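Colleague: Chains as they are written, first to last, in the numbering used here: chain A, 1 to 331; chain B, 1 to 187.
Please keep in mind that the hints were generated in silico from the structure rather than gathered at the bench. Don't take each hint at face value.
[Said to hold, decoys possible] Negatives, chain A to chain B, calculated, CB over 10 Å: (1) ALA3; (2) SER216; (3) VAL219; (4) ALA220; (5) GLU225.
[To be verified] Here are a few chain B residues that sit away from chain A, every Cβ distance over 10 Å (derived from the structure): (6) THR27; (7) ALA63; (8) ARG100; (9) SER157.
[To be verified] Computed spacing ranges between beta-carbons, pair by pair: (10) A:ARG328 <-> B:ALA175: 13 to 21 Å; (11) B:ALA169 <-> A:ARG330: 14 to 22 Å; (12) B:THR162 <-> A:ARG323: 15 to 23 Å.
This structure is a prediction, so every number in the text was calculated from the model and none was measured. In this text, a Cβ means the ideal position worked out from N, Cα and C, and glycines have one as well.
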Amino acid sequence: MSADIVARLETLLARVVSRRSAPRTAVAEAAPVPTSPAAQADKPRSVPPPLPRSTPPVEPPPVAEVAPPAIIEPPAEPESGEYGAAVFEDADVELPASDITEAEAGLEPVAPPPAASREPLDTIDTSPVLAVPHTDAPPAPVAAAVEPPRIELVRSDPPPAPPTASEPAEERPPSVEPPVAEIIPAGAPPVKVTGPLVLDAPRAPGAARPAVAAESPAVAAKRQEVLAAFGAAMPATSDLTDEDPDHVETRAFRITPPAAAFPTGAEPVLAPAPVPAARIERVEPPTRTTVLYAPELPTATVSAVVHPPAAVSAPSFRALLERSLALRPRG
Amino acid sequence: MALRTHPLEKAVTVDLSTGRLALATPTVSRAVAVPAEWLAQAVAALGANAGPLAASLAAAVAADARAMLAGDADPSPEACASAVALALAQRGLGTCSFGRFGDALTLTWSAPPSAEPAFHAFASDLVAAVVSAVTGLATHAAVAGHAGDTLTLFLGSEPACTFVRERAARGEGSASILATLLGATSA
Chain A
1 MSADIVARLE TLLARVVSRR SAPRTAVAEA APVPTSPAAQ ADKPRSVPPP
51 LPRSTPPVEP PPVAEVAPPA IIEPPAEPES GEYGAAVFED ADVELPASDI
101 TEAEAGLEPV APPPAASREP LDTIDTSPVL AVPHTDAPPA PVAAAVEPPR
151 IELVRSDPPP APPTASEPAE ERPPSVEPPV AEIIPAGAPP VKVTGPLVLD
201 APRAPGAARP AVAAESPAVA AKRQEVLAAF GAAMPATSDL TDEDPDHVET
251 RAFRITPPAA AFPTGAEPVL APAPVPAARI ERVEPPTRTT VLYAPELPTA
301 TVSAVVHPPA AVSAPSFRAL LERSLALRPR G
Chain B
1 MALRTHPLEK AVTVDLSTGR LALATPTVSR AVAVPAEWLA QAVAALGANA
51 GPLAASLAAA VAADARAMLA GDADPSPEAC ASAVALALAQ RGLGTCSFGR
101 FGDALTLTWS APPSAEPAFH AFASDLVAAV VSAVTGLATH AAVAGHAGDT
151 LTLFLGSEPA CTFVRERAAR GEGSASILAT LLGATSA
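One chain only, chain A, in its complex shape (with noise of 0.2 Å):
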């Protein structure tokens, strides 16, 4: 048994003490007897604080006189990890389930304080309060063998991916990352990257590949910036940001092997494609020349094609006199 529990224990024994000998209503009231040893040191032992209370007292339920079979409530359960992290960091003053029923037979259950007047758990000693009796009982034995439970946070991230051996780091250029080994497939045989990748020119297969002409200062510069854009993880798209539902795209484009937007020399150099003329215009005028009689409506100017009537000759006077002439009476 250390020297810790000892001293945990003395201060248990110390609060039940303190506890009979004072009135009921104050043992609701009680403080938490704080649990580390550089606390105790702080603080009196005999007269603890009373704690700030937001809710008027409330009369504790009356206590037995005879002893009722004891019944030993365990710490109440941690609503979050952070609360149980803090208990279970001080649960090494509880004492084991094994000493707890040795020390049944000699003690008395002391009611718990009402749940109004209960503390916070990372404030108050959550173990079981046992009342010691009067008698000059040896006290109990603590088993310093049993480790008390703990909670060990466990980290969701995977582990790192080993290196491949395939591709050691060391024959990569530093400013280079190979965007094409996420789309390779499984069985593909590996791929040594030495160099910027160069498309080539769909050709039969056994031919010989045409010669690459050197390209030009400015184009290399060009490409080596690119390339260091991408080796910085940088985004493609500096506007958009994870957030935006198109960063999907931005991350197909950073896949692309940087070196096939660059045409080289022996490339040929495609004629752009003839953009369709057909194109949607404006037909309203763009000034509004609407005079406004009534400001409330909008003003739109309406157009409409006006099928002139075919060119039908007016009768002349000539030819309604003729119809007119025309007419007999019967009979």
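Given the coordinates of chain A, work out where chain B should sit on it, guided by the hints.
Modeller: Coordinates of chain B only, in the frame set by chain A:
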């Protein structure tokens, strides 16, 4: 619609110092102004012999109308109506307009010298002679009805005008006469 303009500001010039009434019409340089009732009384006095008077007056009106049409052999209804109405108005004979009731062509003479039944024959002969002279078509006219200071004349063939004249003599209205004419036509 193109209306032909005509200088009306000097169409009639009254020179009280000389007692002359000058008409600035294309065909008449001098006129004698008489009360309209005098013309109605003269027509009533002539009776069936008022035909030459109507023909003489119609020739003068038609000459002015043709001069206003500037030799248009096939004028539009609007141009023809304007010319005839202006030619009548320059002589104080009132004004006129043309209308259609189905295929029946009518002339509404407003403010004629008289609207009495004794004037109907003279009015028919005058209008028929003017229209025939302007259009070149042998046209007859008959008074289908009158209301107040307005005469409604039907322009058509002689049998149709005879039909209308008989109906009008019975006191039948112009619309009813024309409807009957159109329903009974066998054209």
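Colleague: So, for every hint listed, does it hold in this structure?
Modeller: Do the hints match the structure? See the list:
At roughly 126 Å, the least C-beta separation between ALA3 (chain A) and chain B is larger than 10 Å, which holds for a residue marked as non-interface. Every beta carbon of chain B lies more than 10 Å from that of SER216 (chain A), the smallest distance being close to 77 Å; the non-interface claim holds. The Cβ of VAL219 (chain A) lies farther than 10 Å from every Cβ of chain B, with a closest approach of about 76 Å, so its non-interface assignment holds. Even its closest Cβ contact with chain B, about 81 Å, leaves ALA220 (chain A) beyond 10 Å, as expected for a residue assigned away from the interface.
With a closest Cβ-Cβ approach of about 79 Å to chain B, GLU225 (chain A) is found to remain outside the 10 Å limit, as its non-interface label requires. The beta carbon of THR27 (chain B) is kept farther than 10 Å from every beta carbon of chain A, the shortest such distance being approximately 21 Å. Remark: the non-interface label on ALA63 (chain B) is consistent with the geometry, its nearest Cβ contact in chain A lying 18 Å away (cut-off 10 Å). Listed as a non-interface residue, ARG100 (chain B) fails to keep its Cβ farther than 10 Å from every Cβ of chain A; the least gap is roughly 7 Å.
Against chain A, the non-interface label of SER157 (chain B) is violated: not every CB pair exceeds 10 Å, the least being about 5 Å. In this structure, ARG328 (chain A) and ALA175 (chain B) meet the distance hint of 13 to 21 Å, their C-beta atoms being roughly 20 Å apart. The given range of 14 to 22 Å is respected by ALA169 (chain B) and ARG330 (chain A), whose C-beta atoms sit roughly 19 Å from each other. Remark: the range hint 15 to 23 Å for THR162 (chain B) to ARG323 (chain A) is upheld by a beta-carbon distance near 19 Å.
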